[in-house]
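Start counting the sequence shown at 1; every next residue gets the next number (the working numbering).
It is possible that some hints are incorrect.
Computed Cβ-Cβ distance ranges for the label pairs, DEER-style [as the list claims (entries may be wrong)]:
1) ASP129 - ALA34: 30 to 40 Å
2) ASN11 - GLU77: 12 to 22 Å
3) GLN98 - ARG64: 15 to 25 Å
4) ASN11 - GLN79: 32 to 42 Å
5) GLY69 - SER131: 29 to 39 Å
6) PHE81 - HIS125: 16 to 26 Å
Keeping only pairs whose Cα atoms sit at most 20 Å apart, straight-line, the calculated PhoX-like set for lysine-lysine is [stated by the list, open to error]:
7) LYS16 - LYS48
8) LYS74 - LYS55
9) LYS115 - LYS48
10) LYS115 - LYS87
11) LYS16 - LYS87
12) LYS16 - LYS55
13) LYS16 - LYS74
14) LYS115 - LYS55
15) LYS87 - LYS74
16) LYS87 - LYS55
Keep in mind the hints are simulated off the structure, nothing from the lab.
For every residue, glycine included, the Cβ atom is placed at its ideal position computed from N, Cα and C.
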Amino acid sequence: MNKSIKNDWENAFAQKSEAAFGEAFAEDVVLEAAVLNAPITGRENVRKIMGAASKIYESLTFTRSATSGLQEYKEWEAQTFGGVLLKGITVLTRSENQAIAHIAIHHRPLGGALKFSAVLRDSLHGEIDPSYFYSENIFKNLIGSDSYEQID
């Protein structure tokens, strides 16, 4: 695989640029993530989310990677929110022309992922439907408000 194509994902994070992400994506790219309530589709929407997400990270280091056919696996560590450590793995699936066609991003730990989702929601206010992201109301609707009171 061409080195510049292979590193387009990492380069887009380094640039923290919507445009750089957009150049790497297929028109019908699909983004699934632990910080999203449902998949996001389409280059324009995914470009916005990834551009905003890249700006939340104070630092991001890709620690390991592997490729199998059209899939790439990238482990990473990130600092956010004044030093909160997030770790995860991203699975990228490319089309035959090497554009990124599917993205699956898995953040951990849960508390950091939920905060990341809420901050991402707020940063994309008016651009992406907020129901895609974590909010206390969405959580209550998912499990039922009576059950939520028992969790506290």
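(Q) Check whether the Cα positions of LYS16 and LYS48 lie no farther apart than 20 Å. (A) Satisfied, since the Cα-Cα distance of roughly 11 Å is no more than 20 Å.
Q. Do the alpha carbons of LYS87 and LYS74 lie within 20 Å of each other, as the hint requires?
A. Holds. LYS87 to LYS74 sits at ~11 Å (cutoff 20 Å).
Q: Take the C-alpha atoms of LYS16 and LYS74, compute the straight-line distance between them, and say whether it is at most 20 Å.
A: 17 Å, holds
Q) Taking 20 Å as the top limit, are the C-alpha atoms of LYS16 and LYS87 close enough? A) 18 Å, holds
Q) LYS115 and LYS48: Cα distance at most 20 Å? A) Distance ~18 Å between LYS115 and LYS48 Cα, so the pair holds.
Q. Does the hinted range 15 to 25 Å hold for GLN98 and ARG64 at CB?
A. For GLN98 and ARG64 the Cβ distance comes to about 21 Å; the hint holds.
Q | Satisfaction of hint between LYS55 and LYS74, Cα-Cα up to 20 Å | A | OK: LYS74 and LYS55 at ~19 Å, within 20 Å.
Q. Lying within 30 to 40 Å: is that true of the beta-carbon distance ASP129 to ALA34?
A. 18 Å, violated
Q) Holds or violated: 12 to 22 Å for the Cβ distance of ASN11 and GLU77? A) 18 Å, holds
**Q.** Pair hint LYS16 and LYS55, alpha-carbon separation not exceeding 20 Å
**A.** Holds. LYS16 to LYS55 sits at ~6 Å (cutoff 20 Å).
Q.
Can you confirm whether the C-alpha distance between LYS87 and LYS55 stays at or below 20 Å?
A. Status holds; Cα separation ~16 Å.
Q. Between PHE81 and HIS125, is the Cβ distance one that fits in 16 to 26 Å?
A. Distance hint for PHE81, HIS125 holds at roughly 18 Å.
This entry does not satisfy hints 1 and 4, going by the numbered hints stated previously.
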